[in-house]
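Chains as they are written, first to last, in this note's numbering: chain S, 44 to 174; chain D, 4 to 114; chain R, 77 to 175.
None of these hints come from the bench; they were simulated from the model.
Possibly wrong hints are sitting among the right ones.
Said to hold, decoys possible - Simulated crosslink set (DSBU-like; lysine-lysine; CA at most 35 Å straight-line):
1. D:K109 x D:K78
2. S:K105 x D:K78
3. D:K87 x D:K41
4. S:K119 x D:K12
5. S:K59 x R:K123
6. S:K58 x D:K99
7. S:K58 x D:K83
8. D:K83 x S:K131
9. R:K123 x S:K110
10. D:K12 x S:K59
11. S:K131 x D:K12
12. S:K59 x D:K73
13. S:K59 x S:K115
14. S:K115 x D:K99
15. D:K34 x D:K109
16. D:K99 x D:K41
17. D:K99 x D:K109
18. S:K119 x S:K58
19. S:K58 x S:K110
20. S:K115 x D:K78
21. S:K59 x S:K131
22. D:K41 x D:K109
Unchecked claim - Each pair of labels, with its calculated beta carbon distance range:
23. R:S89 x D:Q27: 43 to 49 Å
24. S:E79 x D:K77: 21 to 27 Å
25. S:V155 x D:D17: 39 to 45 Å
26. D:K41 x S:V170: 32 to 38 Å
27. R:S93 x D:D17: 52 to 58 Å
28. R:T116 x D:E91: 54 to 60 Å
29. S:I57 x D:G76: 23 to 29 Å
30. R:R88 x D:N29: 24 to 30 Å
Stated by the list, open to error - If you only want the chain D side, here are some residues facing chain S, beta carbon under 8 Å, derived:
31. E61
32. Y62
33. Q63
34. I64
35. P66
36. A67
37. R69
38. K73
39. A74
40. L79
Here a beta-carbon is modelled for each residue, glycine too, at the ideal position from N, C-alpha and C.
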Amino acid sequence: MSDMDDMDDGSGIIKKFMFLNRKAPHGTVYALEGLEVVLITAAFDQDVSLVFTDDGVYQLMKGIDTKGIEVKDFSKTYRALEGYDIEKLYVDRTSLDARGLTEDDLIVDVTVLADDEMANLMAEQDVVISF
Amino acid sequence: MPMVNIAGKEVEVDEEGYLVDLSQWNEDIAKYMAVEEKVELTDAHWEVVNFLREYYAEYQIAPAVRVLTKAIGKKLGPEKGNNKYLYELFPYGPAKQACKIAGLPKPTGCI
Amino acid sequence: MLHIVNKSASERSSLESCLRLATQGSAVLLIEDAVYAATTGNAAAAKIQAAAAGLKIYALGPDLAARGMAGRVLDGVNVVDYGGFVDLVAEHSNCQSWL
Numbered sequence: 044m045s046d047m048d049d050m051d052d053g054s055g056i057i058k059k060f061m062f063l064n065r066k067a068p069h070g071t072v073y074a075l076e077g078l079e080v081v082l083i084t085a086a087f088d089q090d091v092s093l094v095f096t097d098d099g100v101y102q103l104m105k106g107i108d109t110k111g112i113e114v115k116d117f118s119k120t121y122r123a124l125e126g127y128d129i130e131k132l133y134v135d136r137t138s139l140d141a142r143g144l145t146e147d148d149l150i151v152d153v154t155v156l157a158d159d160e161m162a163n164l165m166a167e168q169d170v171v172i173s174f
Numbered sequence: 004m005p006m007v008n009i010a011g012k013e014v015e016v017d018e019e020g021y022l023v024d025l026s027q028w029n030e031d032i033a034k035y036m037a038v039e040e041k042v043e044l045t046d047a048h049w050e051v052v053n054f055l056r057e058y059y060a061e062y063q064i065a066p067a068v069r070v071l072t073k074a075i076g077k078k079l080g081p082e083k084g085n086n087k088y089l090y091e092l093f094p095y096g097p098a099k100q101a102c103k104i105a106g107l108p109k110p111t112g113c114i
Numbered sequence: 077m078l079h080i081v082n083k084s085a086s087e088r089s090s091l092e093s094c095l096r097l098a099t100q101g102s103a104v105l106l107i108e109d110a111v112y113a114a115t116t117g118n119a120a121a122a123k124i125q126a127a128a129a130g131l132k133i134y135a136l137g138p139d140l141a142a143r144g145m146a147g148r149v150l151d152g153v154n155v156v157d158y159g160g161f162v163d164l165v166a167e168h169s170n171c172q173s174w175l
């Protein structure tokens, strides 16, 4: 949370930013750190796409219960993204299939892409930040 | 970290006075934090504080002010969903003050 | 020997190496991101199930739950809690962590 609402770098240039999430949620700190960066970036009014691929799709699993490992359940925070005007969420079919998952297993609405569609989405970005 | 005694209960706070364990929160703690922040709690303040607690319970984060303003406007009406209204209630910033009173962790993302 | 694996099988080769080198009758405990391998539909599931014929495969319940995977555990995999983890360590004379 920040009091510097509607912060703007003054240039008015909107770039295409992709945040690429490829790690499972709790084994490393990447997923949580990536999510925090995305929430902060939302203040800059850029064209943000959020991609979950490889083990990153596990970040969006429904039914997560972290009481037993005594860490915060930040899977709930992905549902706040819409309120931050971050509405472009993508996963790729290949990563879901390799894990026996479907979009119904995920906690938020996502667009499921084929490999060539994902490849094109990546290619058209100005900036790709990987977690 | 420092301990403070609030209504006969020992409560841990961080160096800036934020509650460390938000499950300990109760109205006495909110009132204590409000005195610390020099905010006189009215029903209008409670409305925002309770809203923040509900938001945190649902999403596990304290919202950015921009997001808080929009969400409050949606839930409580446009006359409340604006910066002027929220800053009148919490002059040193709804992020900083209302979160502290609501027992939420110190706002992150303030660069 | 108790083998402990904590890395995702889709990111590291530690589970594969463990299953290749664990001797008949050994125990393999999957914790942290390694638990995904023991869930239905996972690309590593067939390997786990084949290995379960000669090895005892365990997965840590709290780590499964924290990943939304508690309801997807493969048949033949034994779910243990932290107490069970301690018992496994105590029951085996030696232990290898595949980092």
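We went through each hint and held it up to the structure:
1. D:K109 x D:K78: Since the Cα atoms of K109 of chain D and K78 of chain D sit roughly 24 Å apart, the hinted pair holds (cutoff 35 Å).
2. S:K105 x D:K78: holds (26 Å)
3. D:K87 x D:K41: Judged against 35 Å, a Cα distance of about 18 Å means the pair holds.
4. S:K119 x D:K12: holds (31 Å)
5. S:K59 x R:K123: violated (41 Å)
6. S:K58 x D:K99: Holds, at about 30 Å.
7. S:K58 x D:K83: holds (33 Å)
8. D:K83 x S:K131: Satisfied, since the Cα-Cα distance of roughly 29 Å is no more than 35 Å.
9. R:K123 x S:K110: With Cα atoms ~30 Å apart, K123 of chain R and K110 of chain S stay inside 35 Å; holds.
10. D:K12 x S:K59: violated (51 Å)
11. S:K131 x D:K12: Measuring from Cα to Cα gives roughly 46 Å; hence the hint is violated.
12. S:K59 x D:K73: The hint holds at about 24 Å.
13. S:K59 x S:K115: holds (30 Å)
14. S:K115 x D:K99: Holds - the C-alpha atoms of K99 of chain D and K115 of chain S are around 21 Å apart, at most 35 Å.
15. D:K34 x D:K109: holds (17 Å)
16. D:K99 x D:K41: OK: K99 of chain D and K41 of chain D at ~13 Å, within 35 Å.
17. D:K99 x D:K109: holds (7 Å)
18. S:K119 x S:K58: holds (28 Å)
19. S:K58 x S:K110: With Cα atoms ~39 Å apart, K58 of chain S and K110 of chain S exceed 35 Å; violated.
20. S:K115 x D:K78: With Cα atoms ~26 Å apart, K115 of chain S and K78 of chain D stay inside 35 Å; holds.
21. S:K59 x S:K131: holds (11 Å)
22. D:K41 x D:K109: holds (18 Å)
23. R:S89 x D:Q27: 43 to 49 Å: For S89 of chain R and Q27 of chain D the Cβ distance comes to about 45 Å; the hint holds.
24. S:E79 x D:K77: 21 to 27 Å: Holds, at about 24 Å.
25. S:V155 x D:D17: 39 to 45 Å: Distance hint for V155 of chain S, D17 of chain D holds at roughly 42 Å.
26. D:K41 x S:V170: 32 to 38 Å: The hint (32 to 38 Å, Cβ to Cβ) is violated, given that K41 of chain D and V170 of chain S are roughly 43 Å apart.
27. R:S93 x D:D17: 52 to 58 Å: violated (44 Å)
28. R:T116 x D:E91: 54 to 60 Å: holds (55 Å)
29. S:I57 x D:G76: 23 to 29 Å: holds (25 Å)
30. R:R88 x D:N29: 24 to 30 Å: At 46 Å between Cβs, range violated.
31. E61: holds (7 Å)
32. Y62: holds (4 Å)
33. Q63: Cβ of Q63 of chain D sits 5 Å from chain S, so the hint holds.
34. I64: holds (5 Å)
35. P66: Holds: closest Cβ of chain S sits about 6 Å from P66 of chain D, inside 8 Å.
36. A67: It holds, given that the least Cβ distance between A67 of chain D and chain S is near 5 Å, below 8 Å.
37. R69: Interface hint status for R69 of chain D: holds (4 Å vs cutoff 8 Å).
38. K73: Holds. Min distance 7 Å.
39. A74: Given a least distance of 6 Å, the restraint on A74 of chain D holds.
40. L79: With Cβ-Cβ at 15 Å, over 8 Å, it is violated.
Taken one by one, the earlier hints fail for this structure at numbers 5, 10, 11, 19, 26, 27, 30 and 40, listed in ascending order.
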